[in-house]
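A.B. asks: Take a look at the letters that make up each chain.
Number of protein chains: 2
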Amino acid sequence: MRRVYFDYVTTTPADPRVVEAMLPFFTETFGNPAAHLHEYGLKAKNAVEEARVKVAELISAKPQEIIFTFSGTEANNMAIKGLALAHQGKGKHIIISEIEHFSVLYTARDLERMGFKVTYLKVDKDGLVDPDDVAKAINRDTILISIMHANNEIGVIEPIAKIGSITKARGVLFHTDAVATAGIIPVYVAELGVDALSMVGHAFYGPKGVGALYLREGVDIVPILKGGAQEGGRRPGTDNVPGIVGMGKAAELARLEMNSRIEHLIPLRDKLIHELPNRLKYFHFTGHILKRLPGHVSFWISFAEGETLVLFLNYNGIAVASGSACSSPDLKASHVLTAIGVPPDVCHGSITVSFGKDNTMEDVDYFLDVLPKVVEKCWQMSPLYDDEIKSRPINDGQGGIRV
Amino acid sequence: MRRVYFDYVTTTPADPRVVEAMLPFFTETFGNPAAHLHEYGLKAKNAVEEARVKVAELISAKPQEIIFTFSGTEANNMAIKGLALAHQGKGKHIIISEIEHFSVLYTARDLERMGFKVTYLKVDKDGLVDPDDVAKAINRDTILISIMHANNEIGVIEPIAKIGSITKARGVLFHTDAVATAGIIPVYVAELGVDALSMVGHAFYGPKGVGALYLREGVDIVPILKGGAQEGGRRPGTDNVPGIVGMGKAAELARLEMNSRIEHLIPLRDKLIHELPNRLKYFHFTGHILKRLPGHVSFWISFAEGETLVLFLNYNGIAVASGSACSSPDLKASHVLTAIGVPPDVCHGSITVSFGKDNTMEDVDYFLDVLPKVVEKCWQMSPLYDDEIKSRPINDGQGGIRV
Chain C
0 MRRVYFDYVT
10 TTPADPRVVE
20 AMLPFFTETF
30 GNPAAHLHEY
40 GLKAKNAVEE
50 ARVKVAELIS
60 AKPQEIIFTF
70 SGTEANNMAI
80 KGLALAHQGK
90 GKHIIISEIE
100 HFSVLYTARD
110 LERMGFKVTY
120 LKVDKDGLVD
130 PDDVAKAINR
140 DTILISIMHA
150 NNEIGVIEPI
160 AKIGSITKAR
170 GVLFHTDAVA
180 TAGIIPVYVA
190 ELGVDALSMV
200 GHAFYGPKGV
210 GALYLREGVD
220 IVPILKGGAQ
230 EGGRRPGTDN
240 VPGIVGMGKA
250 AELARLEMNS
260 RIEHLIPLRD
270 KLIHELPNRL
280 KYFHFTGHIL
290 KRLPGHVSFW
300 ISFAEGETLV
310 LFLNYNGIAV
320 ASGSACSSPD
330 LKASHVLTAI
340 GVPPDVCHGS
350 ITVSFGKDNT
360 MEDVDYFLDV
370 LPKVVEKCWQ
380 MSPLYDDEIK
390 SRPINDGQGG
400 IRV
Chain V
0 MRRVYFDYVT
10 TTPADPRVVE
20 AMLPFFTETF
30 GNPAAHLHEY
40 GLKAKNAVEE
50 ARVKVAELIS
60 AKPQEIIFTF
70 SGTEANNMAI
80 KGLALAHQGK
90 GKHIIISEIE
100 HFSVLYTARD
110 LERMGFKVTY
120 LKVDKDGLVD
130 PDDVAKAINR
140 DTILISIMHA
150 NNEIGVIEPI
160 AKIGSITKAR
170 GVLFHTDAVA
180 TAGIIPVYVA
190 ELGVDALSMV
200 GHAFYGPKGV
210 GALYLREGVD
220 IVPILKGGAQ
230 EGGRRPGTDN
240 VPGIVGMGKA
250 AELARLEMNS
260 RIEHLIPLRD
270 KLIHELPNRL
280 KYFHFTGHIL
290 KRLPGHVSFW
300 ISFAEGETLV
310 LFLNYNGIAV
320 ASGSACSSPD
330 LKASHVLTAI
340 GVPPDVCHGS
350 ITVSFGKDNT
360 MEDVDYFLDV
370 LPKVVEKCWQ
380 MSPLYDDEIK
390 SRPINDGQGG
400 IRV
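Chains as they are written, first to last, in numbering that gives the first Met the number 0: chain C, 0 to 402; chain V, 0 to 402.
Because the hints were derived from the structure by calculation, they are not lab data. All values derive from a computational prediction rather than experimental measurement. Worth double-checking, as some hints may not be accurate.
DEER-style ranges, computed between Cβ atoms [unchecked claim]:
hint, chain 1, residue 1, chain 2, residue 2, range
1, V, Leu310, C, Lys290, 53 to 63 Å
2, V, Asn138, C, Arg16, 55 to 65 Å
3, V, Arg16, C, Asp131, 55 to 65 Å
4, V, Met113, C, Glu190, 35 to 45 Å
5, V, Ala136, C, Glu190, 52 to 62 Å
6, V, Arg139, C, Lys89, 36 to 46 Å
7, V, Val221, C, Ala189, 31 to 41 Å
8, V, Leu289, C, Lys89, 38 to 48 Å
9, V, Leu383, C, Ala189, 54 to 64 Å
10, C, Glu97, V, Gln63, 32 to 42 Å
For every residue, glycine included, the Cβ atom is placed at its ideal position computed from N, Cα and C.
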């Protein structure tokens, strides 16, 4: 059976060149960078600093502005809580969007329990935050705004640069969760106007277990973990040296190959966007159809439950995501789909197809062949099948034809 | 030049068998365990669960009692803050020792800022906590006690089982930082009587970037990072799958090979302990000479600054540690040495020699040959050299001869 991985937004495989770069740091250059008085530690420290330069270059930052973390989740926790605690003397109001990742959303809720006030900005039906809404929500107590660069579930790219010019003019700190974009599309911190930015290595063919927080030089932050003096006293714990080296290599490759990767992804995406509505009825895209990640298509299909679709596709060798890429802690409907107005009864039901550099047009054709059969099978499980579903023709205007 | 690594307490190289076990999880079985509805994610999830069993077996725990973290520092932060916050309804008093790792010490200080009261137990001149002191320090507000299993800097093994029987009788939660012992000497949670225990993979030939918190079944904890539902909702963030697999393999090897590794280490240690005082004057061991890690020797030498010694030893190809294995955030004298009564002017000056499974008796002989020369060189830099240091004979009773 053909095997097709279409879940790159959840995680990517490490590039073999990345693994090769990491290997010496497991068994040979295995020192702890904190022990840099001897050669073993010093070599490890130098490798970490070289990787820091590469990660900084990817987003046009300075090396000293990169704080390595163990995950995007840790970077987001650190940005939201660490910045809020460091700047609470100026005010205790924070603004985030409704569709942030759980690591932002639940950290904000934790801050509410600590006496902070949080505004949750609505998004439109395409998943877009309106920069005017950001401007209106800022008050004299506002110290921090966090809006994600792109949403993993519905693929929409938010107007970060526009929001950045507003936050800069108003003197409010601005963080963006760029886990779904850094290393995938151009992300330059000065152009975006952000003070802090979260990223993770396994989103762009680096290894799991390493992420980074960009923090603009001169911005204070309170460490959320306590311990040693690693990462300039801002993040303790023994560095994951092979992981950091791997993320550095992945960042270098992403910078050099980004344009060709994007050029490879867009035709795959656009083929799917053009073909899907022609082959399926009851079909609905999610997220803005143009302002979206180059390798990302997301949709839902009436009467076909998302998790069931994922399972049936898996039986055919195809891996896609349903709902959020990370497991929902509360097993409720996806907060992202709810926010864009998807009816609550289908909110477990969206499908996220995300492509990577190793996918081919044949993979897309295979998916286009399999999906309608799998959907039909789902529909046949519905009590409404005979009376309602079966009878309606494809392309009847009941959703789907938006391209 | 001969190269000798004697800093295993700071970090170990990954075992080649560990790296081999990890490799498929970078590029082939690369899925995200949270995406376990498809085969890529499911295979990764299964690998994580297999590793969890192996880590649990190492310390005679149940798999569901193992929470994977990214570091020992994170495990310690989570244990101290997470347990304190979860159980503060019963009281707000915590007990730790003076010689805990920074990740425990500074987390406790953070809790003080949040209204908790912390008792810092003194240790004796050998670095030992007196269980009677623990018993006396417990009051009706005490909810948590954290005493490290062995101190990385001075090698002393604390009477955890005795303390565990006290905490159990008094109904107080007991955590131990076992980063320096788990995977190295027998660590069985029931025998120790602990409710929580921190460990890290790179201490026992696993990779960096992965640790674990043992939490006894039924004990509540508040997650310190917020986000997805990974690790039973107790620790969010995409799993470092290759790292977890590597820690699992390292745990399996440690369990199977522990006795032979210890039998290999003890003669190396004891040779050094017996020979050093015969070859050096102004020599002082630190930490209890018998109740110590099998591969650990620590000492200081009057008039010879520790960091200088480490550098001079490094020029001779020998890697040892000075002071704490982790960089001190405040560059003050080592809090551990201060606690055992080492004079403040030498508190930057201790040397920690720690052996691993790949060291040989020839390595020890080389060290015994090099160290006196290097110390002599340090002494010659002292303004006291001609008048005081040079004239005194070896074995003059001025410290050192304690074996």
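A.B. asks: For each hint, tell me whether it holds in the structure or not.
C.D. replies: Hint check:
no.	hint	verdict
1	V:Leu310 with C:Lys290: 53 to 63 Å	holds (56 Å)
2	V:Asn138 with C:Arg16: 55 to 65 Å	holds (59 Å)
3	V:Arg16 with C:Asp131: 55 to 65 Å	holds (59 Å)
4	V:Met113 with C:Glu190: 35 to 45 Å	holds (39 Å)
5	V:Ala136 with C:Glu190: 52 to 62 Å	holds (56 Å)
6	V:Arg139 with C:Lys89: 36 to 46 Å	holds (40 Å)
7	V:Val221 with C:Ala189: 31 to 41 Å	holds (38 Å)
8	V:Leu289 with C:Lys89: 38 to 48 Å	violated (56 Å)
9	V:Leu383 with C:Ala189: 54 to 64 Å	holds (56 Å)
10	C:Glu97 with V:Gln63: 32 to 42 Å	holds (34 Å)
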